[in-house]
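**Student:** So the chains spell out like this:
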Amino acid sequence: MKRLLSSALFFIALVLLWHFAVLFGHKSPVLFPDPFSVWEYLRTSLMDGTILQAAGVTLRRLLIGYGIGLILGIPVGMLTARFRLMEDTVGVMALGLQTLPSVCWVPLGLVWFGQTETTMLFVVIMGSLWSIILSTDNGIRNVPPIYARAARTMGAKQFYTWTRVILPASAPFIVSGMKQGWAFGWRSLMAAEIFVTILTGFGLGQLLEYGRDLHAMDQVIGVMLVIVIIGLLADKIFFSPIERFLHRRWGTGKA
Amino acid sequence: MSVQDELRSVPPAKLLIDGVTKDFLTRSGPLRALDNISLQINKGDFVCMVGPSGCGKSTLLNIIAGLEKPTSGMTLMDGKPVTQPGRDRMVMFQESALFPWLDVLHNVLFGLNFKPNLNSKERREVALFYLRLVGLEEFARSNIHELSGGMKQRAALARSLAPNPRVLLMDESFAALDALTREQLYGDIQRIWAERQKTIVFVTHNVREAVCLGNRVILFSPHPGRVREEFVIDLPHPRDINSVELAKYASRITRALRGYVDAPGTELGAE
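Protein chains in written order, with the working numbering: chain A, 4 to 258; chain B, -11 to 259.
Derived from the structure by calculation, the hints contain no laboratory data. Hints are supplied without guarantee of correctness; some may be wrong.
[What the hints assert, rightly or not] Partial list, derived from the structure: chain A residues whose beta carbon lies under 7 Å from chain B: (1) Ala11; (2) Leu12; (3) Ala151; (4) Ala153; (5) Met157.
Quick caveat: nothing in here was measured; it's all calculated off a predicted structure. Just so it is clear, CB atoms sit at the ideal spot from N, CA and C, and this is done for glycine as well.
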């Protein structure tokens, strides 16, 4: 309760600061809108469904792309950790491509797939895949070998050992990689949506860019707020509970 | 098959180690860890293998467990060669190899998941039986990190007993514990050995501990690992590690061990 209160007070103070900055600043309200006009934009566009629709389009792209990233990344990470050949080939490639800022995939995606949903998915997958592979690989390498030996003496076969011992044992690493992959995917999707206009769906990034075209700064800032809130909710609703669970089980994260 | 059948003690097994030699490849060439070891371990024996580090006693335990293959020679369990790990020979490891992502109960259940003749309710009953046996039934739902060192070893013991093995292999299981906790566990393991009728092979570098637990103590010398001498400890169980007769045995064995290990810097634990 106390924590909630301090959070609330902080954000109220932030909004007030913003309000006074606009009041006493010398910028035109067209360039630097008041919090209340941003609120007004958010309220009306929530009512008429613009924001929800755009958020829906964006989240759909993100979830599908990220889901593919996970489905590909975790098994590939397991393979690179297990086989020297995979480590020297796919592992090195993942390490290299992970250093590439994910927005760099946008031009390539555009040329290959045109102004389509596929481009959006491609960018999200390329943004999230490599860090998921690398953290899965790293997590598996950090599993104490004694766990697998113990499982073998208890009668576990290879497949069972991998799914019930090695994977859960590396869960703390895999989850932090999932989180990183999510963040990279999210950033690259926003970049792609701002760059690329496609007709099959109007996402948050496009709504933002559209606001700039119209010089509607209340829309630009309003959409930015929505993007921040989605990121925050993803963390609080999805990742935080998983991390809390892992901390409780492993007895970590108390410091 | 009912839970009662499952919980019934299975007859302990006889082990025959026949000319086992193990070489490891190291950067400086092959290293002989075990040199032509032959041992017979009878049904229901409590055998303690003692020796300084480098004498290959843990390697021999792993070979009996089926986790490692000997370079030559073989291990027979009741006449059948050991080729791979099996639930008839459970290992209780040096460091606690408990799984931190499972609670105590599910750690014990892990080895029971491979018993097809039990349903999940029966498995649970079996697991709880062994948790009771080691005095941890109240901690079934605890996370591993919430247990003390001694409780972790008890949980590990329950986990290795749960599949009802005929041989229990223990690799310096109590080495990391404080003296008081260790003494409690000496009592527990002697009680469980008597109640559950297991053949136990116990590896340690602590002579006192070996004399307290085993009815046979086998001395190993290092570089390469060889069996040197065997002592039969003719004292009734349960034994108290602080008793005078036990100390006499221990000092005799320690003296013998010193004779084989005159190299300076070799660790010898006689505490």
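**Student:** Now look at each hint and say whether the structure bears it out.
**Tutor:** To see whether the hints hold, each was checked on the structure:
{"no.": "1", "hint": "Ala11", "verdict": "34 Å, violated"}
{"no.": "2", "hint": "Leu12", "verdict": "36 Å, violated"}
{"no.": "3", "hint": "Ala151", "verdict": "9 Å, violated"}
{"no.": "4", "hint": "Ala153", "verdict": "4 Å, holds"}
{"no.": "5", "hint": "Met157", "verdict": "4 Å, holds"}
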